[in-house]
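A.B. asks: Taken in order, these protein sequences are the chains called A and B. Going left to right, the first sequence walks through residues 1 to 505 as our numbering numbers them. Going left to right, the second sequence walks through residues 1 to 196 as our numbering numbers them.
Hints are computed from structural coordinates only; laboratory data are not their basis. The C-beta atom is built at its ideal place from N, Cα and C for all residues, glycine as well. Hints may be right or wrong, so weigh each one.
Claimed, not checked - If the Cβ cut is set under 7 Å, some of the chain B residues that face chain A in the computed set are:
1) Phe68
2) Ser72
3) Gly115
4) Leu117
5) Leu118
6) Val126
7) Val132
8) His136
9) Arg144
10) Gln145
11) Glu151
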Amino acid sequence: MGEFVSSPPGFDQPVVFETIERGMASEGGRGIGSISDDIYALGVTLAHLLQRQNPARGKSKEQLLLAKMSLSSYPVLVGKAILTATMLEPIRGMLNDDEEERWGFDELDMWSSGRRVAPAQTTPVQKSQRPVRFGDFDHTQPRTLAYSMSERRESALKMIQDGSIEQWYSRGLENSEMATAVAAAVEAADALKETVPEAGELLLSRVLMLMDPKAPVTYKNVKYMTDGFGYALGVEILRDGDIKTYAESIVNEVPGIWFEISDESASAQFTELEYFARLRSHLQKAGPGFGIERCLYETIPGHACRSPLIIKENVSEIEDILPTLDAVEKFADTKKSPVDRHLAAFIAARSEGSVESQLNELGDLDGTIQILGMLRLLVILQDRMNAGTLLGLTKWVGGLMGPVIKLYHSRSTRRDIEAEVPRIVRSGDLSELLDLLDDPVSKKEDQTKYLAALEEFTEAEEEVLQIEENTGPGSEAANRTSNQVAAVTSILIMIFIISMIIMAG
Amino acid sequence: MAREPNLEQAPRQAAPVKKASMKSLLWVFMLAIVIFAFPESVILLFLGLLPTVVALIIDKSPKKYSTFCVGSMNITGVFPAMLELWAGQNNISHAIEIITNVFDLIVMYAAATFGWLLFMAIPPVVNGLLAVVAQHRIAQLRSRQRELIKEWGDDIIARPLDQADGVKSASGQAQSQTPAPPSDIEDLDEVPPAPS
């Protein structure tokens, strides 16, 4: 399968073809993108073709982006190179860094039909008269400085904390509003320093996003567009990369800071914030079906399940899970549960109904409850997907039911169940297995009888102790009884003999 | 300030003492009447029942079982002599004649000795019988316990009833009153030894 469908949007695209914002994000986190981004890339392609060379040749990613930010894309990618008069206008339009002003299909259609397109409105960029030297660059714009700072976070944080940024805003850029916002952020971070270990990083992220609200979400060494989080995470999981930082950014609600600062519409913000809040709640739960695995499958709808059991089968549809597990039973380690963290997360993310209670059971500390939770989850899946007979999987699951059978106290009940399991395994019906093992009537009866047996055992023990106490050698009761017997025997003999004498006399 | 004597309480305490002394006095009076009315019978009984008197003195147990044993047999031994006395002249000289007869005396004292023998021989036998019955009952109970363990597992031993799934025992007894279960299944085979 080609990169067009098998890799995240823009993943393999060189930075020069990306807009400034998407170029700043990591390869996996550039987001889904839009038609406007594709038109920009078309403009860059045309500039390459007309110049017959790469205009960004020899420039690093940082140099290219800083150049695009300080001069805008057109001068950087075309400059003073002589283009044909016909192509100059559309390339300038397509390379416009302002998405609102960038040419779209309408403008291109007008141009191709020979009509004149109205020139784009240029928005004046705020520049400082006093440049700031940071990262081998003299920065006059907050945007370029923010990008350089995001690449050198340690020295950037010091710069924020010593008040240099606040000072630059108030004196260099004469923007007291931003200076106040930066000062407030520093003050809030100071207050949180003792309780939040990542307060410094969060301060830096907030200030960088304040300085460049269009830039991607930035936290520690990761940068991603808000719609590119899932792909960025997926790429890092594939690379065995820095997943923790991505998870941390969600837990620390960094996308929330981005939305708070950005000028996105309230409804879009609400949807996105709800989306990130859901991811956060998944990350805050440690059990199977939650965590980073759940985020992966929630954020990338077509991502194949990465469970080691079925990773080679490349299962991306929930309908295929049970037949695949059924097929891999011959090769898998059947002493382990067929539902691991990835499978649980995949099922939870793709399942139409809620499986929260089964996931909670899967995450229980009690191994028996975990097994029952696994069985219930598979039964739900078999019912919802109409998976039919699953001989291999039922055999696999049936072999793991030992601890569940031991939930019954009665040995005879256990033996009965153990004798019944092979028959159910041959039928391949997981729900029948669940009915057998988790029958509430049988469980209640077993519990009642167990308590009665416990009481009987205790009473027998009490009686044994009482007998031992009363009939043991030298016990007071035994001595008393035996002496009484001796006395009564003597009296009876006396009565007998005297009666005999009287009767004889 | 001196406390006034409780005048009402004094007669109440004195009453039982007076009653007891009256009772003793009555006994002495009756004994005196019996001694004066039947001196020959009293002599024969006193000398014939000497082993019983000895048993009464040396028996320190509250219920005086040995006195009962010795006394019963002793009375059995004295009874023929008493019949002889009452059926004959029934005077002091006849009583002395009986007492001085070695054969009669042997019968009385041998009967008392038999009473002692009964008191020494019967309790161990009864103890043994009791132990056998107890062993049988214990064996029955242990057998039932083994059956319960076979059906319900070892944890039935280790778990006192009121800890089992939070269900309290039907008797409502405190846990301290519940006997400690045997530490091992092997303990169930133990039966108390019979007394030798």
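A.B. asks: Which of the numbered hints are not met once you compare them with the structure shown?
C.D. replies: 4, 7, 8
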